[in-house]
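K.L.:
Each chain is listed here by its residues.
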Amino acid sequence: MTGGAPILSRRTGFFFLLPSLGFVSLFILFPFVWVFYLSFTNQTLTGVTAIQSRLVGLANYHRLLDFETWMTSGQFGNALRISAQFVVGSALIGQALLGLAIAWAFYRWRGAFREIVYTLVILAWIIPDVVVAFTWMAFLDRDRGTLNAILQLLRLAPVDWLIQQPVLSIIIFNTWRGTAFSMLLFSSALATIPPSYLESAEVAGASGWQKFRDIILPLIRSHILTDIILITLWTFNTFTPFLITGGGPAFKSELVSIYTFRIAFQFFEFGRGGAIAVAMMLINLVLALTYLTILRRQGVRT
Amino acid sequence: MAWQAAPFARFHLNSFVMAVGITGGQLLFSSLAAYAFARLRFPGRDILFLVFLGTMMVPFHVTLIPSYLAVRWLGWLDSYQALIVPWLVSAFGIFLLRQYYFTIPTELDEAALIDGCSRLGVWWRIILPLSQPALAALAIFAFLFAWNDFLWPLVVTNNPEMHTIQLGLAMFQGRYGTQWTYLMAGTVMATIPGILAFLLGQRRFIEGITLTGLKG
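Here the protein sequences come in this chain order: X and P.
Heads up: the first sequence at position 154 corresponds to 154 in this note's numbering, and the numbers run straight through without jumps.
Heads up: the second sequence at position 10 corresponds to 10 in this note's numbering, and the numbers run straight through without jumps.
No incorrect hints appear here.
Derived list of chain X stretches under chain P, where covered just means 3 residues or more per stretch with a C-beta under 8 Å from a C-beta of chain P:
id : stretch
1  : 34-44
2  : 118-127
3  : 237-243
4  : 280-292
Some residues of chain P that are not near chain X, with every Cβ distance over 12 Å (derived):
id : residue
5  : Pro7
6  : Leu13
7  : Val17
8  : Val20
9  : Gly75
10 : Ser79
11 : Pro129
12 : Gln132
13 : Ala136
14 : Met162
FYI, nobody ran anything at the bench for these hints, they're computed from the structure.
Predicted model, so just to flag it, every value in this text is computed and none were measured.
We treat Cβ as the ideally placed atom computed from N, Cα and C, and that holds for glycine.
When you get a sec, could you build the whole thing from the sequences and use the hints?
P.N.:
Structure, rendered in structure tokens:
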């Protein structure tokens, strides 16, 4: 599988890799190790502990996982629960399902309408965070927002979305924001399925749902899993909702990523922030391994 | 008006320097590394490749604090180095280009090597020109990422002189929150470069995503 002349060229190989290796070591591998160390110290940005930090053992972790208080407002367990709702709502139900639905709807429908829908969905994905956050704040605004204007036309009572339904708001926002990736991945997967498969099913009298369930779904199963792995991790780690709700009101939409930021860069407690970072990494690892195991099992079966 | 209310020219310049620096660096370093992984054989190659792939799994929030401390220790806070250098290498870029290099026939490399071309020459004269579609895809991903990034500039720049357009716009929203016309103007200015980059390379961008879904 290796191309080129089979030369055992250690020097040439390292010459090509040297710059990448240097940067990756300095800005990913080294910080990766350092964050473990940090999580056992009381390092802060200012004050005495900024200069003379010391090892505090598991104190940061104890504080994080203090089961007396951890589900209360503004604590780690609470952030974890909100993140779980956010991932299930916006990644699994929102982006993956909607992306699949759009890709399937346009499976055999080329032309202008498809181009318009695809372009709009992709635009929602590539516009800068700050800009979409601002647009969504304007859309959801209580007094002058577009959504409440529509509700009023329908003679429904206006809702202060960002105050009364902060989690639902960021779930819908993130679905709108990120569906493009799933849509593109699924439509490239569907493009590999020969139309003749579906035509023979139609001759046999299969309904639309039957065709989807019995032909399409088994053929794109590995794409679905790849998609779910990536968007679950991305959604779990995203920081953008901070720009809309700031984690509030009263920590009601504080995701784990926002919680980390608050502890580390608003309270400047790097040791505690490090402990949260380590916890986040473990959660990422568990999620990734779970999916990879499922992927491998599926691979054996097919 | 919005132009006078905040130094938007400066914000744009900063974003532009950051985005171009990151894009250039990722193209250069990722293509070099991808060449080594796709074409050279040396001890430890496969392990190293796995390490690079593994770094894609490390969320940015995990390395955020130590990266910040490293940048501060280097004395780089409020500088272009701080905005650019940590992002010069992308594991995703290396992966994308390596996949693409496998589609280039190795006979081309071999012919050039027999004619006395060096490895570096093969990379520069044969591989790079032939992988333009993949390089274009990576360039768009890198530019969009850098132009739209918010959290890292927020953490490493304090001085408004070094703010990027996204950061400047967020501050501007806070300060002129009720002046919708200013906000709209600023918003449009921050959006256009990204959309332009996307429109210029739309096809490549989508091909890039398709490559991600392929089995390696």
